[in-house]
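Number of protein chains: 2
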Amino acid sequence: MMNAYIKDKIAKVVKSLKVKSSELISSYEEGYIGKKVYRVTLNDGSTRICEQITKNKSNGDAVVIIPITLDGNFVMIIESRPNTLGTVALEFPAGMVDKGENFETAAKRELLEETGYAATEIYELESHYQDQGCSKAIIKTYVALGCRKLQEKNLDDGERLEYIEMSYDDILELIKGDSKELKINDANSKIAFMEYTLKKKGIL
Amino acid sequence: MMNAYIKDKIAKVVKSLKVKSSELISSYEEGYIGKKVYRVTLNDGSTRICEQITKNKSNGDAVVIIPITLDGNFVMIIESRPNTLGTVALEFPAGMVDKGENFETAAKRELLEETGYAATEIYELESHYQDQGCSKAIIKTYVALGCRKLQEKNLDDGERLEYIEMSYDDILELIKGDSKELKINDANSKIAFMEYTLKKKGIL
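Here the protein sequences come in this chain order: A and B.
Each number in my numbering corresponds to the 1-based position in the first sequence with 1 added.
Each number in my numbering corresponds to the 1-based position in the second sequence with 1 added.
These are calculated hints, taken from the structure and not from any lab test.
Certain hints may be false.
Since the list gives no way to pick out one identical chain from another, each pair is judged satisfied if it fits inside one copy or across any two copies.
[Said to hold, decoys possible] The calculated BS3-like cross-link candidates involving lysine-lysine, where the alpha carbons are at most 30 Å apart (straight line), are:
(1) Lys-37 / Lys-21
(2) Lys-137 / Lys-10
(3) Lys-19 / Lys-56
(4) Lys-109 / Lys-184
(5) Lys-37 / Lys-16
(6) Lys-200 / Lys-177
(7) Lys-21 / Lys-200
(8) Lys-21 / Lys-184
(9) Lys-19 / Lys-150
(10) Lys-184 / Lys-150
(11) Lys-137 / Lys-56
(12) Lys-16 / Lys-177
(13) Lys-201 / Lys-19
(14) Lys-10 / Lys-184
(15) Lys-19 / Lys-154
(16) Lys-56 / Lys-8
(17) Lys-109 / Lys-201
(18) Lys-19 / Lys-58
(19) Lys-154 / Lys-109
(20) Lys-150 / Lys-177
(21) Lys-202 / Lys-184
(22) Lys-137 / Lys-184
(23) Lys-200 / Lys-150
(24) Lys-8 / Lys-200
(25) Lys-56 / Lys-100
Chain A with its partners taken away, still in its complex shape (with noise of 0.2 Å):
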């Protein structure tokens, strides 16, 4: 357990640093990154600018899913990321939320299109921000269980992407990373992996 110095001096630095007030001042809604700009003052009577990152007019919400097979492999995708170095990313199964949708729904929803499997059962391991100082986007990780596949996947306009079975080691060679070319470094697929391994081992 937290020692009580500890918790208390949090405490008061949480309190001191909670937003008071904040107003809207400015929002741009053009595409699919748009971003809203609030006014925000503090309990300590500080004030700021903050701006906060959208994604298709919404929050960014987003579920990431390790799916398991019946004979216990691992269900990765590779796809098609123009961003960053490679421009092409082995990942697990992600998307974000529908209007209206609930997490749990999300992940099923995005596992049969990304992949074409469905699972026999899905647990949620934890969630996390993706981006805290600039988005309010929460990310929730689920473990799905005894998949298999069920129809051709079905993706979104503009998505390119293929799925690949593979094992647990593998994966734990592609998270170290000893090859500079095959590497997984998606922050969502490295923290769902990592808590997936360290639950599995009981250290978390």
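Fit chain B to the known structure of chain A by using the hints.
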């Protein structure tokens, strides 16, 4: 070692999905968050519009630092994060790489600015893309050893934070998040701490 079939399949997909050419078609640069919009053509002949977030007119490259003091404590910061639930967050020190600065220099600078601590030794863990679909930003993680208080902190305009020393087990508890109020949700802090832990345990 990954088997040859998987390596070969990945290589083929990577080849077909690589960017063949891209053309900047517009950009938006006002305030902190901006974007660039590209028309991208892949090797398979398909084209798409690809938007890329910019921060302060840069790619948004950044560092996250795990500072460990001479007596084995970890230094964390409690920062105003108006965008996310709670609006105050526990994180490791972190910040953007300045124009022309290298990552390691940025790590030392951010550590000093945000906490007033300096390290006797600093080493790099892994790196990751914070938002591989929408950003070029690469985040490098550093472990800073032998940290001691050197000066008062020296924050950027609008930055509101305090630092706090705690034990490894305290952070593990905050990552596990058994407490609803005190929890580390920041992607970069989670990746840093989980990689540090997996390496310490000999798993990565």
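Item to complete: Of all the hints given earlier, name the ones this structure violates by number, lowest first.
Response: 7, 13 and 16
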